[in-house]
Amino acid sequence: MAEKTYLQAISDGLRQEMRRDKRVIVIGEDVGVYGGAFKVTLGFQEEFGPWRVIDAPLSETAILGGATGAAIMGMRPVAEMQFADFISCGWDQLVTVAAKQRWRAGTPIPITVRLPSGGGFSGGPFHSQNPESSFAHIPGLKCVCPATPADAKGLLISAIEDPNPVLFFEHKHLYRRVKGEVPDERYTTPIGEARLHQEGDDVTVVTWGAMVYTAAEAAAKLGDLSVEIVDLRSVMPWDREAVLASVRKTSKALVLHEDTRSGGFGAEIAATIAEEAFEHLDAPIKRIAAPDTPVPFSPPLEQAFIPQVDDVVAGLRELAEY
Amino acid sequence: MATGTAVDVVMPQMGVSVSEGTVTKWLKSVGDHVDADESIVEISTDKVDTEVPSPGTGTLTEILVHEGQTVAVGTLLGRIGDAGAGPAAPPPPSGASVAEPATQAATDAATTASSEGDAAPGEDRVTAAEPESHDGHDRTFVSPVVARIAAEHGIDPASVPGSGRGGRVTKKDMLAFVERQQGATPAVPAPEIPAPAREPASAQPPPGPPQPEGGEVVEPMNAMRRGIAEHMRRSLDTAAHVTSAIEVDMSKVVAIRDRLKPEYQRSYGVNLTYLAFVARATVETLRDWPWVNAELRGESIVTHNYVNLGFAVALEGGKGLIVPVLKHAEGLNLLGMARGVADLAERARTKKLLPDDVQGGTFTITNPGSFGTFHGTPIINQPQSGILGTYAVVKRPWVIRDENGNDAIAIRPIMNLTLTYDHRLVDGAYAGGFLHDLRARLETSGEADY
Numbered sequence: 001m002a003e004k005t006y007l008q009a010i011s012d013g014l015r016q017e018m019r020r021d022k023r024v025i026v027i028g029e030d031v032g033v034y035g036g037a038f039k040v041t042l043g044f045q046e047e048f049g050p051w052r053v054i055d056a057p058l059s060e061t062a063i064l065g066g067a068t069g070a071a072i073m074g075m076r077p078v079a080e081m082q083f084a085d086f087i088s089c090g091w092d093q094l095v096t097v098a099a100k101q102r103w104r105a106g107t108p109i110p111i112t113v114r115l116p117s118g119g120g121f122s123g124g125p126f127h128s129q130n131p132e133s134s135f136a137h138i139p140g141l142k143c144v145c146p147a148t149p150a151d152a153k154g155l156l157i158s159a160i161e162d163p164n165p166v167l168f169f170e171h172k173h174l175y176r177r178v179k180g181e182v183p184d185e186r187y188t189t190p191i192g193e194a195r196l197h198q199e200g201d202d203v204t205v206v207t208w209g210a211m212v213y214t215a216a217e218a219a220a221k222l223g224d225l226s227v228e229i230v231d232l233r234s235v236m237p238w239d240r241e242a243v244l245a246s247v248r249k250t251s252k253a254l255v256l257h258e259d260t261r262s263g264g265f266g267a268e269i270a271a272t273i274a275e276e277a278f279e280h281l282d283a284p285i286k287r288i289a290a291p292d293t294p295v296p297f298s299p300p301l302e303q304a305f306i307p308q309v310d311d312v313v314a315g316l317r318e319l320a321e322y
Numbered sequence: 001m002a003t004g005t006a007v008d009v010v011m012p013q014m015g016v017s018v019s020e021g022t023v024t025k026w027l028k029s030v031g032d033h034v035d036a037d038e039s040i041v042e043i044s045t046d047k048v049d050t051e052v053p054s055p056g057t058g059t060l061t062e063i064l065v066h067e068g069q070t071v072a073v074g075t076l077l078g079r080i081g082d083a084g085a086g087p088a089a090p091p092p093p094s095g096a097s098v099a100e101p102a103t104q105a106a107t108d109a110a111t112t113a114s115s116e117g118d119a120a121p122g123e124d125r126v127t128a129a130e131p132e133s134h135d136g137h138d139r140t141f142v143s144p145v146v147a148r149i150a151a152e153h154g155i156d157p158a159s160v161p162g163s164g165r166g167g168r169v170t171k172k173d174m175l176a177f178v179e180r181q182q183g184a185t186p187a188v189p190a191p192e193i194p195a196p197a198r199e200p201a202s203a204q205p206p207p208g209p210p211q212p213e214g215g216e217v218v219e220p221m222n223a224m225r226r227g228i229a230e231h232m233r234r235s236l237d238t239a240a241h242v243t244s245a246i247e248v249d250m251s252k253v254v255a256i257r258d259r260l261k262p263e264y265q266r267s268y269g270v271n272l273t274y275l276a277f278v279a280r281a282t283v284e285t286l287r288d289w290p291w292v293n294a295e296l297r298g299e300s301i302v303t304h305n306y307v308n309l310g311f312a313v314a315l316e317g318g319k320g321l322i323v324p325v326l327k328h329a330e331g332l333n334l335l336g337m338a339r340g341v342a343d344l345a346e347r348a349r350t351k352k353l354l355p356d357d358v359q360g361g362t363f364t365i366t367n368p369g370s371f372g373t374f375h376g377t378p379i380i381n382q383p384q385s386g387i388l389g390t391y392a393v394v395k396r397p398w399v400i401r402d403e404n405g406n407d408a409i410a411i412r413p414i415m416n417l418t419l420t421y422d423h424r425l426v427d428g429a430y431a432g433g434f435l436h437d438l439r440a441r442l443e444t445s446g447e448a449d450y
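Residue numbers (my numbering), protein chains in the order written: chain A, 1 to 322; chain B, 1 to 450.
Honestly, the hints are just simulated from the structure, not real lab data. Don't take each hint at face value.
[Unchecked claim] So the derived label-pair ranges between C-beta atoms look like this:
| # | chain 1 | residue 1 | chain 2 | residue 2 | range |
| --- | --- | --- | --- | --- | --- |
| 1 | A | 126 | B | 287 | 56 to 66 Å |
| 2 | A | 309 | B | 179 | 28 to 38 Å |
| 3 | A | 300 | B | 242 | 51 to 61 Å |
[Stated by the list, open to error] Okay, derived cross-link-like pairs now, DSSO-like style, lysine-lysine, Cα gap no bigger than 27 Å in a straight line:
| # | chain 1 | residue 1 | chain 2 | residue 2 |
| --- | --- | --- | --- | --- |
| 4 | A | 179 | A | 221 |
| 5 | A | 100 | A | 22 |
| 6 | B | 351 | B | 327 |
| 7 | B | 327 | B | 28 |
| 8 | B | 351 | B | 28 |
| 9 | A | 221 | B | 172 |
| 10 | B | 172 | A | 249 |
| 11 | A | 286 | B | 172 |
Here a beta-carbon is modelled for each residue, glycine too, at the ideal position from N, C-alpha and C.
Start from the sequences and build out the full structure, keeping to the hints where you can.
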């Protein structure tokens, strides 16, 4: 057990899997010689060679199509989108081919797509998005959004093991900001299982990714309020039972995400709570999310866009006082 | 998107210590179109009278709290529906309907307590709309979880004291109630418990207003009048009031004002009043007499290195009194003072004051002199330690010393000033010193000193 950054946990987990399993290969833009835009695969090409750490052309279609083909041929590719935003270029290979292949032809597609996502550093509209809900909506794809270093490693290994395409959303803002104990040995974190970030009795916050920390900071500011934070970890499949159990206990739910509001995955969670736990609710389900605009460049505008601690404090207070 | 979007108009929180407000006037009728931010209803609290801007655009579909009624902060006053929508239909019966009888009684009592009860039947549409407003009243909204617990235990939610917004019964209220009941009578089956609990609720209606006798008119106090009554009584019960008076020769002030007044009006559109001069001189003098600008807090004396100067403003038609505060008056010159006083007075009269405008005063000036009165003993605005009264400037025969050193009688504009002070903190000599210095300032200061 050692303390590692979120980024180091991903890098070490991936290296461990590549050492263990020769079918695991890496493909992406600048992942080889350069070691990746965020240096997750630094030193990988030296260790595993250019055939397992492949510098792809500037084409997400080629990366995702190539990974899908390699998976059909028995490999377990880990494809990197330099920024999650760029995945739109590879939509057709991922959504039309990879997601459907198993239903169409019975062929498993065990690919992992690593997606550096999220804002908070003035990256602007092309380098800051959280597109998980777009892909959670596609049957055949799985989406995970770890918040802690230990979960990042455990979910990455689960994603590689999984016979389906798994989108691994790694939040850029957490890369070097978050540290935590990460077991040295190989382990998996089950996809679709939530983690209780903190227990509480008064209000439930359902969230994932970097917003877990925003929620925790907000809860800490409200000393008199007992806040339960459910870190979903996976948005597809998602842990409905954990969420419903928590809401049945507290009777008040706040769904928080960094993605934009309309059609964000929070809407699915809120709807499920209303359907399944209606008779346990003591307040309207509240959503806090980014407004329905592209991510702004300007730091003050970006601050206004991404849900901040004070926004969550206000939301929690509103629910508490309802 | 627009389907079914109703916007609630609620009693706003007008300051931290304000817990209720009175609807003084609906500016829109049911069926009227209203734009977002347009004034929709006038309310009155013990701190401030104000107009509530509409929270949305659409049609006023329901008025739930009528003129004259006083309700808690957060209470639903009315609803705005989509443009063109008619009055909202009563909600379908639900598990919440068990709350009906007690609610009806409570609302009836509230109506009787207001002047509404005197209205002739069918007199206007407000009366006609009443049955709906009873059904749709949000005060007794029962959340799904509360409805479920109520059904499971056979409890009428209306018999449970609510701690939620607008008095709503929360899940916690419900669980605590169940626990208390079970603790009290463990042997009795749950469904039988609520029966006795419901009895007293209907058996003890709140006391109504006193019945008028011959020649009397009885009307309810509004929130402001109640606030004034409470504050005045509390101040007299708190402070040891003593008043000292002094006469001030205002010749210099009159001369300066005559010179500056047209210029202020022309250049700044500001009316230069005697009050602005007195306020300027007061702020300067308070610096040397800090206990007059202080308060007693428990066993401590709290002085201020700033002056938040309150001005008592009478509302038109004898509707009451409000004391807006000019913050950091020590930083204002004569123009700033004149402008600030005029702005506060204007906003007080047009009900545009914000809660912040009436809080945090450290000293107050009251100016009944405009009616010609020459003396008074005002009541201190708690928790302050003094209040200055300014009175009419009148021409009087005045004994002066002429250039040869002989006594002579001249005609001089004289103003009386009173300082009412809290003798617990300020002694007579101290108060006299303050008044002496204030007079000296007003009698000797030149234009440049203001």
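Hint-by-hint comparison with the structure:
1. Residue 126/A and residue 287/B have their C-beta atoms about 60 Å apart, which keeps the hinted 56 to 66 Å range intact.
2. Range check, residue 309/A to residue 179/B: Cβ separation about 35 Å, and the 28 to 38 Å hint holds.
3. Range check, residue 300/A to residue 242/B: about 55 Å between beta-carbon atoms, so the 51 to 61 Å window is met.
4. Using a Cα cut-off of 27 Å, the hinted pair residue 179/A and residue 221/A holds, with the two alpha carbons roughly 22 Å apart.
5. Note on residue 100/A and residue 22/A: the hinted pairing holds, with a Cα-Cα distance of about 26 Å set against a maximum of 27 Å.
6. Taken as a hint, the residue 351/B and residue 327/B pair is honoured in the structure, with Cα atoms around 19 Å apart against an allowance of 27 Å.
7. Restraint check for residue 327/B and residue 28/B: the C-alpha separation of about 35 Å exceeds 27 Å, so the hint is violated.
8. Between residue 351/B and residue 28/B the alpha-carbon distance is near 17 Å, which keeps this suggested pair within the 27 Å criterion.
9. Only pairs whose Cα atoms come within 27 Å are accepted, and residue 221/A paired with residue 172/B is accepted, the gap being roughly 22 Å.
10. With a C-alpha separation of about 11 Å, the suggested pair residue 172/B and residue 249/A falls inside the 27 Å cut-off, and the hint holds.
11. The hinted pair formed by residue 286/A and residue 172/B meets the criterion: a straight-line CA distance of about 19 Å does not exceed 27 Å.
Comparing the model with each earlier hint shows a violation of hint 7 alone; every other hint is respected.
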